[in-house]
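Asks: Sequence:
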Amino acid sequence: MGFVIGNTPMTSLVPTGLVGTVAHTVSGFAVVFLWWFCLSCFDSRFRLKGGVLGVGLFWAAIAALDRGLLGDAFADKGLSRLLVPLGFAIVGHLVWRLLEGREGDLIQQRHDARIMVAVLLGGMLLIDLAADALFGFAWRPIAFAMTQNAMILAFGLWLARRILMVDPAMLTFGVAQAAPMPAGAAPKPGHRPNTELHGRLSVLMETERVFLDPELTFAGFVARMGAPERAVRTLVNHELGHDHFRTFLNHYRVAEARRLLGERDRADKLIAVALDSGFASLASFNRAFRAIEGCTPSEYRAAVRQGQMNPPSQDKQSFEERKTGF
Numbered sequence: 001m002g003f004v005i006g007n008t009p010m011t012s013l014v015p016t017g018l019v020g021t022v023a024h025t026v027s028g029f030a031v032v033f034l035w036w037f038c039l040s041c042f043d044s045r046f047r048l049k050g051g052v053l054g055v056g057l058f059w060a061a062i063a064a065l066d067r068g069l070l071g072d073a074f075a076d077k078g079l080s081r082l083l084v085p086l087g088f089a090i091v092g093h094l095v096w097r098l099l100e101g102r103e104g105d106l107i108q109q110r111h112d113a114r115i116m117v118a119v120l121l122g123g124m125l126l127i128d129l130a131a132d133a134l135f136g137f138a139w140r141p142i143a144f145a146m147t148q149n150a151m152i153l154a155f156g157l158w159l160a161r162r163i164l165m166v167d168p169a170m171l172t173f174g175v176a177q178a179a180p181m182p183a184g185a186a187p188k189p190g191h192r193p194n195t196e197l198h199g200r201l202s203v204l205m206e207t208e209r210v211f212l213d214p215e216l217t218f219a220g221f222v223a224r225m226g227a228p229e230r231a232v233r234t235l236v237n238h239e240l241g242h243d244h245f246r247t248f249l250n251h252y253r254v255a256e257a258r259r260l261l262g263e264r265d266r267a268d269k270l271i272a273v274a275l276d277s278g279f280a281s282l283a284s285f286n287r288a289f290r291a292i293e294g295c296t297p298s299e300y301r302a303a304v305r306q307g308q309m310n311p312p313s314q315d316k317q318s319f320e321e322r323k324t325g326f
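The sequence shown lines up with residues 1 to 326 when you count with UniProt numbering.
Since the hints were derived computationally from the structure, they do not count as laboratory data. Predicted, not measured: the structure shown is a model, and the values here were computed from it. Where hints are given, some of them may not hold.
As the list claims (entries may be wrong) - Here are the simulated distance ranges between beta carbons:
no. : residue 1 : residue 2 : range
1   : Asp268    : Arg290    : 14 to 20 angstroms
2   : Ala130    : Arg266    : 52 to 58 angstroms
3   : Ala267    : Pro228    : 44 to 50 angstroms
4   : Gln306    : Ile115    : 48 to 54 angstroms
5   : Gly199    : Val84     : 51 to 57 angstroms
6   : Gly68     : Pro228    : 53 to 59 angstroms
7   : Ala283    : Phe37     : 23 to 29 angstroms
8   : Thr207    : Gly92     : 40 to 46 angstroms
9   : Ile127    : Gln306    : 58 to 64 angstroms
10  : Asp112    : Phe37     : 26 to 32 angstroms
11  : Gly92     : Met151    : 33 to 39 angstroms
12  : Met151    : Val84     : 18 to 24 angstroms
13  : Thr207    : Ala291    : 43 to 49 angstroms
14  : Asp112    : Arg224    : 20 to 26 angstroms
For each residue, glycine too, the CB sits at the ideal point set by N, CA and C.
Kindly generate the complete structure, drawing on both the sequences and the hints.
Replies: If you want it as structure tokens, here you go:
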């Protein structure tokens, strides 16, 4: 709403005083807010840190200086021009993240919304940035600005309906409900477990150990399952509690890594353990291991060798036993 008010070209419609000042200020942070918001909605692993946090804070600092929030020395000096190339990079990153994670997204509603958000939001932001780059920040003809405001409002209403009204796990497309299911948890009401699919999944993961293939994609996994994509998506999400195919594979891969790290007479380097467990790189191995185990692979191996942690049993669990531990 702050962006819409700040983007209104007719001065008679722009509020004055505190409301107008707040709206003008908020409009400068709209791109960063939408970027962070969408990343958090569509990726349960998203954490506000690293490059994403740094770029956002840099944007906020430039916008604050340009709007005089930190004094008049830099106010209205054209610093906002620096935000145009940065804005294109942010939009590109957002669209890439939305589309890159779509195939393995196991939450059907979120999976279906990715393209819509990429096209609508990405398109609106690109048009706004392109207009700023080509015509300058002062160029705001009434027809363009009002059309832009209408599109923003329509997108906001659609997003509210899609996210805020969907269920108690608002702002996450149900990810808050997609946490690993406790032992004995029942499927969702009205859903009947498919024992045939369970059996096929057990063969693939326990016998064929397809998770050891670092190039395995959800499409390839569905083909191996020999079942409709939606059925496989429902099985892994609703019955096993994983919100993304990547996290589903990582639980098996980390379990294999624990087994390898727990062998006291094994002195392989961590990169060898990572590759033998199905990870494509040491960095992805470290991230997944820490997310699941709460410690690094090195710390885990050291704890096992010092007797502070029992190595995993060498006996394989059945699929039915393992799935409840996810």
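Asks: Each hint needs a verdict: does it hold in this structure or not?
Replies: Results for each hint:
1. Asp268 x Arg290: 14 to 20 angstroms: Cβ of Asp268 to Cβ of Arg290: about 19 angstroms, so the range 14 to 20 angstroms holds.
2. Ala130 x Arg266: 52 to 58 angstroms: holds, 56 angstroms
3. Ala267 x Pro228: 44 to 50 angstroms: This hint holds: roughly 46 angstroms between Cβ atoms.
4. Gln306 x Ile115: 48 to 54 angstroms: For Ile115 against Gln306, whose Cβ atoms are near 50 angstroms apart, the range 48 to 54 angstroms holds.
5. Gly199 x Val84: 51 to 57 angstroms: holds, 55 angstroms
6. Gly68 x Pro228: 53 to 59 angstroms: The hint (53 to 59 angstroms, Cβ to Cβ) holds, given that Gly68 and Pro228 are roughly 57 angstroms apart.
7. Ala283 x Phe37: 23 to 29 angstroms: For Ala283 and Phe37 the Cβ distance comes to about 26 angstroms; the hint holds.
8. Thr207 x Gly92: 40 to 46 angstroms: holds, 42 angstroms
9. Ile127 x Gln306: 58 to 64 angstroms: holds, 59 angstroms
10. Asp112 x Phe37: 26 to 32 angstroms: Given range 26 to 32 angstroms: violated, Cβ gap about 19 angstroms.
11. Gly92 x Met151: 33 to 39 angstroms: Because 20 angstroms falls outside the window, the suggested range is violated.
12. Met151 x Val84: 18 to 24 angstroms: With a Cβ separation near 20 angstroms, Met151 and Val84 satisfy 18 to 24 angstroms, so the hint holds.
13. Thr207 x Ala291: 43 to 49 angstroms: violated, 27 angstroms
14. Asp112 x Arg224: 20 to 26 angstroms: holds, 24 angstroms
When each numbered hint is compared with the structure, violations occur for hints 10, 11 and 13.
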